Amino acid sequence: MKLRAFLLSRWFYPVLSVAVLLVVYSVYLPRLGFYWDDWPVIYLSRFNNPSVYWDLFYHIRPLSAWTYTLTVPVLGMTPIVWQVFGLLQRWAGVMFLVIALEGIWPHKTWQLRWMGLLLLLFPGFSQQTIPVAYTQHFLSFLLFTASLAGMVWAYRRPRNYWLFTIPSMAAALIHLLTMEYFAGLELLRPLLLWFMLHQKGEPVIRSLGRALRAWIPYAAVLVGFLLFRFVFYNRIVSAPDANPMVLLETMRANPLAGFLRLLEHALQDFSHLMIFVWANAVGPEVLLTTNRLIWISLALGVLIGLAAGWMLLRGQSPVETYAVARGSFYWQAPLLGVLAVLLGGLPVWITDRQIIVGTWSDRFALAPMVGAVILVVWMVDWLGDRRLRQTGLLAVLLGLAISTQMRTVNRYATYWDIMRNYYWQLSWRAPALEKGTAVVGPEMPFALVGDYAIGFALNALYGGELESYQPDYWFVDGGRYLGTEIIKDYQPDIPIEYELWNIKFSGTTSQTVPVTFNNARGCLRVLDPIYHDVLPMSPGDSDLMDLVHTPAAILPEAAHPVPEDIFGPEPPHEWCYYYEKADLARTLLDWPRVTALAEEAAAGGFAPENGAELLPFIQAYAMQGQWEAALEASRRATQLTENMNRPVCNLWNRLAAESPVVEGRQSAVDAARAEFKCPVR
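Quick note, my numbering runs 59 ahead of the 1-based positions in the sequence shown.
Since the hints were made in silico from the structure, they are not lab data.
Here the structure is a predicted model, which means the values were calculated and not measured.
Backbone N, C-alpha and C fix where the C-beta goes; we use that ideal spot for every residue, glycine too.
Any given hint could be a false lead.
Unchecked claim - Below, in silico cross-link-like pairs of lysine-lysine (BS3-like), each with a Cα-Cα straight-line distance of 30 Å or less:
hint	residue 1	residue 2
1	Lys563	Lys494
2	Lys563	Lys547
3	Lys547	Lys494
As the list claims (entries may be wrong) - Okay, the calculated beta carbon distance ranges per label pair:
hint	residue 1	residue 2	range
4	Val74	Glu701	24 to 34 Å
5	Leu322	Gln258	44 to 54 Å
6	Leu394	Pro343	33 to 43 Å
7	Val607	Lys547	55 to 65 Å
8	Ser527	Asn293	24 to 34 Å
Can you build the whole structure from these sequences, using the hints too?
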């Protein structure tokens, strides 16, 4: 009886939705970090000056900086704090939407709760775990839905009309000026007011007139926003529009072509939201896989979905019967759903972009997916004739959403581990960098970021508290930018220029650190002549060797500690730690330090998986006259990795010329040349 009372209480649904979120995210929260456009904000946080957010977002969305001015000083820059904050914003926004729709359809609690759950974990949006960048989106969604709830309940509680209406208008204005993602959904307000105010038997024109009059306060807010966006924006912001209305310009020049283009975008994204986001969750690449995580996530997702469905059935109010359910909901819901998809997508489509085109484009689903879940629940409810069957189908859909999000969040957690490996290994190998240094890679070292994100991360890694918008360090993706205005060539004294918003890096190829990294192939490697002819970690490694001519930009002593709030605590000292420190010591000609690190690694049971990582130790042993140890390390290198004979031979040829002339040197060199079949020079 206590369970039944809880299921019927007002706390049940908020608790259920939080519990479902925790199932998906709680295990992964400690392993999630920062990604993609999180990093510009992290970079700005190093200034300890809130005004810098206004300077940056002036070039993108000039009035959106308030989101970080308020949140960053409170939340700091710890990944788990931002991850939890992002989930709370999303959850609160969904709760307000359900509250708003309860004011429209008071006897449809069961359906509305399913809409909320599906929206909370909608499989068509995969970027929940980019918490800093999406704070602006989630806050805008929260403000929009809170405003919607306030508008609805202002008419449900007429005595408190202004108590609800004034904050609702303020929330509407703030979300519109923050970002335009939910601007199209503002046009749903008169429809919702009409649903609520229309009385049985009343002429449609009369009730529609009352709804339009009720909409006037919010229409005024929307008109104010449109005037700002289309009239005053270009006068305020001198930079090119970050979100130009490309399709509107096309329509002006060729109305038919523009309309057909808009229709194409709408139909493709509509079908994606309604069909393919669900189909992809159980597509052939999913069902034919042997990956246990996928099958576990599917099983767990469906079980959680069925459990949630059982609780929603048990928590159904006695007055919420199937007979009551058949009513205006069955024509209002599809109308609202279709319009929500179309109006939610409109701000995206008029910029000639789509949900289905682009690596990060599913963020454009944030507004139209509100309509998608309304339509999905309506279709299941309308097509089914028994609540148990309807619950079963919705539970399976929720299970697919849970499974999709669990797989997504696992991918993000895995890549954060890889990113942390990169940054910590780089800090071990290069404790500090000369100001003006560019770290150049042959390609992107990992996914879920842009190249500029790594540039911002390097400044967080090395910069301490920042003072200038001209960053001291930057990352250049050589595979993408070689031969462009950013980096024309790898020869000495070639300028490196990278400009983004109000951030500009200036350097030259004579002050670079060429770095290659592939987490599956070993430790991060700062390229050096010793690694010539080594099997490359990335396809562009051989080109990047041209940068080895640069003077050392690496400083042996750290100027600032690695900010562990951002990058997490220093990982346990395993093989890559010893290798990076040994490679640094090699460049400093500190041979005893190199061999001491080899002994520490061996004592800890750590060994390389890539033979190239033994080259610094081979050189150190030889430079100290430990010829047998050098030969043994050479044998291990050639056994570990294919095609290592040539770089080992190159090193022994160098040792023949550079190592101290001591007893046994020539015989060791001759033995190495014979054993590894080195070409005669």
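Quick one: which hint numbers does this structure break? Sort them smallest to largest. When the structure is compared with the hints, numbers 4, 5 and 7 turn out to be violated.
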